[in-house]
Amino acid sequence: MKKTSKRGMVIRTIVLAVLAIAFVMPLVWMILTSLKNTNEVFAVDYHWLPSKFRWDNYKTVWTNDSMSMTRAFANTLFITIVSVIGHLIVAALAAYAFAKVDFKGKNVIFMLFLASMMIPSQATIIPRFMMFKSIGLYNNLWAVILPGWFSTTAIFMLRQFYMGLPDDLMEAAKIDGAGHLRIFAQILTPLTKPAMVSLTVLACISSWNEYLSPLIFLVKENLYTVSMAIRWYMLDDSQRYELTMAAATCSIVPIIILFLFSQKYFVEGIATAGVKG
Amino acid sequence: MKNRNRLKQNENLVGYAFVMPALVIFIVLVAFPFVFSIFLSFTDWNFLSGFKGIRLVGLENFRNLATDRTFKMALKNTFIYAIATVPTSILFALILAFMLNNKVYMKKILRFAFFIPYISNAVALATVFKFMFREDGVVNILLQSIGFSNLPNWMADTQFNKIPIILLLIWTAIGYELIIYMAALQNIPRDLYEAADLDGATAIQQFTKITFPMISPTTFYLVVVRLISAFKVFSSINIMTLGTAARGNASMVTEIYSNAFSGYKFGFASAEAVVLFAIILGVTLLNFWGQKKWVHY
Chain A
-15 MKKTSKRGMV IRTIVLAVLA IAFVMPLVWM ILTSLKNTNE VFAVDYHWLP SKFRWDNYKT
45 VWTNDSMSMT RAFANTLFIT IVSVIGHLIV AALAAYAFAK VDFKGKNVIF MLFLASMMIP
105 SQATIIPRFM MFKSIGLYNN LWAVILPGWF STTAIFMLRQ FYMGLPDDLM EAAKIDGAGH
165 LRIFAQILTP LTKPAMVSLT VLACISSWNE YLSPLIFLVK ENLYTVSMAI RWYMLDDSQR
225 YELTMAAATC SIVPIIILFL FSQKYFVEGI ATAGVKG
Chain B
168 MKNRNRLKQN ENLVGYAFVM PALVIFIVLV AFPFVFSIFL SFTDWNFLSG FKGIRLVGLE
228 NFRNLATDRT FKMALKNTFI YAIATVPTSI LFALILAFML NNKVYMKKIL RFAFFIPYIS
288 NAVALATVFK FMFREDGVVN ILLQSIGFSN LPNWMADTQF NKIPIILLLI WTAIGYELII
348 YMAALQNIPR DLYEAADLDG ATAIQQFTKI TFPMISPTTF YLVVVRLISA FKVFSSINIM
408 TLGTAARGNA SMVTEIYSNA FSGYKFGFAS AEAVVLFAII LGVTLLNFWG QKKWVHY
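Quick mapping for you: the protein sequence lines, in order, are chains A and B. All the letters of the first sequence, read from the start, carry residue numbers -15 to 261 under the working numbering. All the letters of the second sequence, read from the start, carry residue numbers 168 to 464 under the working numbering.
Simulated from the structure, these hints should not be mistaken for lab results. Values in this document were obtained by computation on a predicted structure and should not be read as measured data. The C-beta atom is built at its ideal place from N, Cα and C for all residues, glycine as well. Keep in mind that the hints are not guaranteed to be accurate.
Stated by the list, open to error - Here are some, though not all, of the chain A residues that point toward chain B, as calculated from beta-carbon distances under 10 angstroms: (1) 120; (2) 171; (3) 175; (4) 177; (5) 181; (6) 232.
Stated by the list, open to error - Distance condition first, Cα-Cα at most 30 angstroms in a straight line; then the derived DSS-like pairs of lysine-lysine: (7) 243/B x 459/B; (8) 376/B x 243/B; (9) 219/B x 117/A; (10) 399/B x 117/A.
Please work from the sequences and hints to get the whole structure.
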């Protein structure tokens, strides 16, 4: 019995490993291509490995005056940080109210929020464009940041979390004379840390990878995000594929690092949003 | 009594204050734009002509949509993408999750490998696929080396140009579905399988009689979520088709985007957006209606 299960384990591992290698192959190709020179990329006599690892390509994309990855990283980082902080504060406040404050019309508002999950953001982009353009947020990073501050998923997830915290904690604090703001900020919210971390990671990833909003609102090249920078290299007349691949690699690395550090929270976040939500 | 009323009023104020930021953003950036989109769908409006240029035209946009060839193509393509990618990726993810949930070596590394495409930048991945599927690209070189000849120019040939896009969409979807399935499989009580083992049930019987019904709510959730996102597909297609001669790949959202932001036909594009919303709503309701037949809670 034990012997066969060990053999099964080896076979399963081999099958999965082969599939996993096939899965990451395009990414391996991306990295190898980012280290070639232009001739090697299109060589008829094809070699997977570059004749020499040209790390210079990375130096080029990071320092290129026409489209610098440094600038794109700074813009994307700003957008991501401000989006995520706003997203968490707005969601936590609303979630706390839905879970722990008894106010008139709360169910109506909550149902409205839930119903809005059905509206694809793509269906509202035209009026948003019109509004942002008329109030001067066109070509402004805030046009990409602000819509991220409202997230029904985040409100819903945190509401579940606050609801799970015992009311005794609140009652005790109330007797000591604490108001809702104190209870929210000092007593309950610190307890929601696991949910907050999962939401942070999920929100970071979606802001970092955002494409449609920057494409519509950020037309000036000095405002380009990482996604837009990759697109710029792809469309550039010089057609240097190795630079496009270097830019693409640079966009993926931070997310992988973030994932490795937060793997546990990340997986739990997705799983709770999916299985229980 | 008076005191109690004051307390109640105070609760109300606190509640509104806490919900206010979310409510304001919701009204300004979700509810109002949504209502305004519906209004615009009944107008003819070129954005460049300013607000004075808005002209009510009733159902004209929708009538034009019904005969518009590019729109019909985008609609058809979107359904093709959804049907080709959602069931395939979900099935593949389930198989992977099933294998990964058994004992394997290097479980975390393997799971990570399947997961990378999902968290990676869609634009980056689309450029990779676009380059790999060039006529002189690495995919054709590989196919040639194993004996194929007469290889297509994938993205330019209307017979083949959906294949790279479909592969890309499946590849990036699996990671998410895999994580959710793995969590769901772990929630199935072990003793169900032990009891089945004692009764002499085969592995396939165990899968169809225990695993499949137990994870059916998860499958349902994935079908709903995945179909919605398949109908909203944009980044991958926008990048894959940029600069290529063939325009046969448009999805509904790329079509809305090009009518709105290249042609500034805001009225027409809004009508397309309304149709997109109606389809997503319809498909989701259909799913909820159909779940009674196969989902066990």
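We went through each hint and held it up to the structure:
The criterion of a C-beta within 10 angstroms of any C-beta in chain B is not met by residue 120/A, whose closest approach is roughly 15 angstroms, and the hint is violated. This hint is violated: residue 171/A has a C-beta 15 angstroms from the nearest C-beta of chain B, more than the 10 angstroms allowed. Here the hint on residue 175/A is broken, as its CB sits about 17 angstroms from the closest CB of chain B, past 10 angstroms. The interface hint given for residue 177/A is broken, as the beta carbon of that residue sits about 20 angstroms from the closest beta carbon of chain B, more than 10 angstroms.
At about 16 angstroms, the closest approach between the beta carbon of residue 181/A and any beta carbon in chain B exceeds 10 angstroms, and the interface hint on this residue is violated. At a threshold of 10 angstroms, the smallest CB-CB gap from residue 232/A to chain B is about 4 angstroms, leaving the interface hint in force. Simply put, residue 243/B and residue 459/B have alpha-carbon atoms about 28 angstroms apart, close enough for the 30 angstroms limit, and the pair holds. Note on residue 376/B and residue 243/B: the hinted pairing is violated, with a Cα-Cα distance of about 36 angstroms set against a maximum of 30 angstroms.
Proximity of residue 219/B to residue 117/A is assessed by CA-CA distance (about 16 angstroms); at most 30 angstroms being required, the pair is judged to hold. Between residue 399/B and residue 117/A the alpha-carbon distance is near 24 angstroms, which keeps this suggested pair within the 30 angstroms criterion.
Violated hints, in rising order: 1, 2, 3, 4, 5, 8; the structure is consistent with all others.
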